[in-house]
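Order-wise, the sequence lines are chains R and F.
Going by my numbering, the residue at position 212 of the first sequence is 212; the numbering climbs one at a time, nothing skipped.
Going by my numbering, the residue at position 257 of the second sequence is 257; the numbering climbs one at a time, nothing skipped.
Everything labelled a hint here was simulated from the structure, so no lab data went into it.
Nothing here was measured: the structure is a model prediction, and the numbers come from that model.
Glycine included, every Cβ here is placed at the ideal spot set by N, Cα and C.
Treat the hints loosely; a few may be bogus.
Here are some of the chain R residues that sit facing chain F, going by a computed Cβ distance under 7 Å [unchecked claim]:
#1 A141
#2 N186
#3 L187
#4 Q189
#5 A190
#6 R192
#7 N193
#8 L194
#9 G195
#10 C196
#11 P240
Quick list of simulated restraints, FRET-style, between CB atoms [stated by the list, open to error]:
#12 P197/R / S137/F: 27 to 35 Å
#13 G65/F / F112/R: 48 to 56 Å
#14 S197/F / R200/R: 34 to 42 Å
#15 R173/F / F31/R: 55 to 63 Å
#16 A14/R / S197/F: 51 to 59 Å
#17 D9/F / P197/R: 26 to 34 Å
#18 F112/R / S40/F: 35 to 43 Å
#19 R173/F / I115/R: 32 to 40 Å
#20 K180/F / A282/R: 37 to 45 Å
#21 G65/F / A282/R: 31 to 39 Å
#22 E325/F / W19/R: 53 to 61 Å
#23 S85/F / T212/R: 18 to 26 Å
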Amino acid sequence: MRGRENINMPRPNAYALTWRLPIIVWQFLFFVGPLLFMVAMSFFLVKNYRMIEAFEMKNWVKMFGRNYFWDSYWLTLWLATLSTIVTTLVAFPASFALAFRTSETVRRWAIFLLIIPFFTSYLVRTFSWYTILAESGVINAMLGSIGIDPITMLNTKFGTIVGYMTLTLPLVVVLQTFALANIDRNLVQAARNLGCPPWRTILTVIVPLAKTGLIVAALFCFILSFGDFVAPYYLGGSKPPTLPILIIDTTKSGQQWPRAAVVAVVMMATLITIAFAAITLAYRKRASA
Amino acid sequence: MSASLVEIDGVVKRFGDFTAVERMDLTIDQGEFIAIMGPSGCGKTTTLRMLAGLEDPTEGTIRIGGETMNGVPPHKRDTPLVWQSLALFPFLNARENVEFGLKMRGFDAATRKRKALDWLERLDIGEFAERNVDTLSGGQRQRVALARSLVTEPKLLLLDEPLSALDAHLVIRMQSVLTKLQRELGITFVYVTHSQSEAFAMADRVVIMSKGNIAQTGTARDIYRTPANRFVAEFVGRNNILSGTVTAATAENTHIETPVGTFTVIPEGPAPAIGQAVSFVIAADLVNITDQPQNTENSLSCTLISEEFIGSMVTLFLEAADGTEFKVQVQERALGSLDLKSGNALHLGWSADSAHLLTGETP
Numbered sequence: 001m002r003g004r005e006n007i008n009m010p011r012p013n014a015y016a017l018t019w020r021l022p023i024i025v026w027q028f029l030f031f032v033g034p035l036l037f038m039v040a041m042s043f044f045l046v047k048n049y050r051m052i053e054a055f056e057m058k059n060w061v062k063m064f065g066r067n068y069f070w071d072s073y074w075l076t077l078w079l080a081t082l083s084t085i086v087t088t089l090v091a092f093p094a095s096f097a098l099a100f101r102t103s104e105t106v107r108r109w110a111i112f113l114l115i116i117p118f119f120t121s122y123l124v125r126t127f128s129w130y131t132i133l134a135e136s137g138v139i140n141a142m143l144g145s146i147g148i149d150p151i152t153m154l155n156t157k158f159g160t161i162v163g164y165m166t167l168t169l170p171l172v173v174v175l176q177t178f179a180l181a182n183i184d185r186n187l188v189q190a191a192r193n194l195g196c197p198p199w200r201t202i203l204t205v206i207v208p209l210a211k212t213g214l215i216v217a218a219l220f221c222f223i224l225s226f227g228d229f230v231a232p233y234y235l236g237g238s239k240p241p242t243l244p245i246l247i248i249d250t251t252k253s254g255q256q257w258p259r260a261a262v263v264a265v266v267m268m269a270t271l272i273t274i275a276f277a278a279i280t281l282a283y284r285k286r287a288s289a
Numbered sequence: 001m002s003a004s005l006v007e008i009d010g011v012v013k014r015f016g017d018f019t020a021v022e023r024m025d026l027t028i029d030q031g032e033f034i035a036i037m038g039p040s041g042c043g044k045t046t047t048l049r050m051l052a053g054l055e056d057p058t059e060g061t062i063r064i065g066g067e068t069m070n071g072v073p074p075h076k077r078d079t080p081l082v083w084q085s086l087a088l089f090p091f092l093n094a095r096e097n098v099e100f101g102l103k104m105r106g107f108d109a110a111t112r113k114r115k116a117l118d119w120l121e122r123l124d125i126g127e128f129a130e131r132n133v134d135t136l137s138g139g140q141r142q143r144v145a146l147a148r149s150l151v152t153e154p155k156l157l158l159l160d161e162p163l164s165a166l167d168a169h170l171v172i173r174m175q176s177v178l179t180k181l182q183r184e185l186g187i188t189f190v191y192v193t194h195s196q197s198e199a200f201a202m203a204d205r206v207v208i209m210s211k212g213n214i215a216q217t218g219t220a221r222d223i224y225r226t227p228a229n230r231f232v233a234e235f236v237g238r239n240n241i242l243s244g245t246v247t248a249a250t251a252e253n254t255h256i257e258t259p260v261g262t263f264t265v266i267p268e269g270p271a272p273a274i275g276q277a278v279s280f281v282i283a284a285d286l287v288n289i290t291d292q293p294q295n296t297e298n299s300l301s302c303t304l305i306s307e308e309f310i311g312s313m314v315t316l317f318l319e320a321a322d323g324t325e326f327k328v329q330v331q332e333r334a335l336g337s338l339d340l341k342s343g344n345a346l347h348l349g350w351s352a353d354s355a356h357l358l359t360g361e362t363p
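So that you can see chain R by itself, here it is in the shape it has in the complex (with noise of 0.2 Å):
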């Protein structure tokens, strides 16, 4: 009905052009600029820890050709898939929460909270679950009290999902419950007045009306969980790195600056993909026989 036929393009003007203009000139300078060169960059050759320009596919046959590349990958992959997962499967009952249970007034707050962590650094926030999370922290200290031996939890796969989540729940949070209030009530309703039992609206109606924005969420936390640093290196022990973690430790051992830029576009190109992948599903229509 909406959108389908006829989404008329203005033609360019002058006027919007020059407003465009910045935009376009930005991105050019600092993201199609930058990424040219870092795909000419894994081309280049190292000799005597300086890099010299040049066309040769050694970087990537070397990369391509080495298990702990491999292993960093799946591993980073693997773990910013659960973290997605598992911060969407956390975040969606507090949403609902939000839109569905609580007054305007109450949402306005609670989104203004959630907006609070990012005021300071997500180094600063990681570094906090030291005090919580260490051999001697605070819930090792309370787990002692009743008896029970202590839990390592830094340093492991947990400590990395609990940083990345640092970094992303309340995005989500907000990005979904912005998706859940937004949808048509009266949906929700017809979907009662013919039978749907009210936990079952969740599955039959609310999600897939909210698809989009859950899916977007959902990204948000699928791309800053993949080619974060901090969480990996200070609360998951790096051992054995992540995609980001590889990239400093690649330029750090004998200037290998080309290599690294192998890992980058490689991240580039994943995220690339899968961003691709998920806004098609996210926008996508039922196919019209």
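Following the hints, position chain F against chain R.
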């Protein structure tokens, strides 16, 4: 009519300080097509939502099929509602929309599909079964919504202004679809509307609501010819309302003195007392209009203000000496040689039995 299906017994609905339904007593028979009509905010939609269980009455009882429904959640009732907005699920195609209620009732996929396709076929939209509902026209979407509500074979169908978004010619088409369906299925339709033509054209019985109360219940003809009170007379439209004092009253005739003259009315019930203030209505189509003074029981001279031509019928708007407005509805071909220049003096007349005394109080 057979046994009653719905009993609304002393129902009151308040939202905080606002009273949506002040008091409602209504019994709806099995197989009846009932229309609830009234202006916005009269409580008609709230009543419908209470029948569907989307609202619970503040006071009073609603029984459906003899069972008390207070506190029964919507999904445990069999009261499908056709929404004003249609509320079709945009993420499902036409057939899947129709299947929704069957799926909730645990029918297997093959049965669901067969029943859904049967209904879409029955409503002449079988060819659009696999289409995205966004790509259907207003009339087609309407039929999908109807099929979705009827596929579970309910005893009671609730309709909330379902035709209000359609073009005029589609409204007429859908009206005949609805009346035909209702007659064939023999189920009860409760149809909420603000449109007099929809209510009168389809319903066995019309309920007029005003400010959370029932102003009148009756057949379309009852309501049109014998409005119970001033609100109904005005709401139904095309009525001339005169107010005055009773000067003489016999069993057959009541004389009422009004600012524009004294008129004779034949009361249907007991005659009003002398000195009582009363109002009566004369339907616009029961007034004779001529260019010569009339020698009937009730006559009046007026000035023509304007005319409204709607095809076979013409409505003339006139004004009496003191500014009281009069409407007269005549067949276009019956106008004859009347000179319809605005400002012309014309003469109105009606028989005593075409006037109707308003006896009830306006809620």
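Hint check results:
Annotation: interface hint on A141/R violated; nearest CB of chain F at approximately 47 Å, more than 7 Å. This hint holds: N186/R has a C-beta 5 Å from the nearest C-beta of chain F, less than the 7 Å allowed. A least Cβ separation of about 5 Å between L187/R and chain F falls short of the 7 Å threshold, and the interface hint therefore holds. Satisfaction of the interface hint for Q189/R is found here, the shortest Cβ-Cβ separation to chain F being roughly 6 Å, below the 7 Å cut-off.
Taken as an interface hint, A190/R checks out: its beta carbon lies about 4 Å from the nearest beta carbon of chain F, inside 7 Å. A cut of 7 Å between beta carbons decides the hint on R192/R: the least distance to chain F is about 4 Å, and the hint holds. A cut of 7 Å between beta carbons decides the hint on N193/R: the least distance to chain F is about 5 Å, and the hint holds. About 4 Å separates the beta-carbon of L194/R from the nearest beta-carbon of chain F, less than 7 Å, and the hint is met.
A hinted interface residue such as G195/R counts as satisfied when its beta carbon comes closer than 7 Å to some beta carbon of chain F; here the least separation is about 4 Å, so the hint holds. Hint status for C196/R relative to chain F: holds, with the closest Cβ pair at about 5 Å, below 7 Å. Given hint, P240/R at the interface with chain F, is violated; its Cβ is 41 Å from that chain's nearest Cβ, farther than 7 Å. Checking the proposed 27 to 35 Å range against P197/R and S137/F shows it holds: the Cβ atoms sit about 33 Å from each other.
A hinted range of 48 to 56 Å holds for the C-beta pair G65/F and F112/R, which are about 50 Å apart. Here the CB-CB span from S197/F to R200/R is close to 40 Å, well matched to the stated 34 to 42 Å. For the hinted restraint 55 to 63 Å between R173/F and F31/R, the CB-CB distance of approximately 57 Å keeps it satisfied. The hinted window of 51 to 59 Å between A14/R and S197/F holds, with their beta carbons roughly 55 Å apart.
With their beta carbons about 28 Å apart, D9/F and P197/R fall inside the hinted range of 26 to 34 Å. Distance hint check for F112/R and S40/F: the Cβ-Cβ separation is about 37 Å, which falls inside the suggested range of 35 to 43 Å. Taking 32 to 40 Å as the suggested C-beta distance range, the pair R173/F and I115/R does not conform, at roughly 53 Å. For the pair K180/F and A282/R, the supplied restraint of 37 to 45 Å holds, since their beta-carbon distance comes to about 43 Å.
Hint check: G65/F to A282/R, Cβ distance near 45 Å, so the stated range 31 to 39 Å is violated. For the pair E325/F and W19/R, the beta carbons lie near 58 Å from each other, so the given range of 53 to 61 Å is met. Distance hint for S85/F and T212/R: a CB-CB separation of about 20 Å, consistent with the stated range 18 to 26 Å.
Hints 1, 11, 19 and 21 from the earlier list are contradicted by this structure; the remaining hints agree with it.
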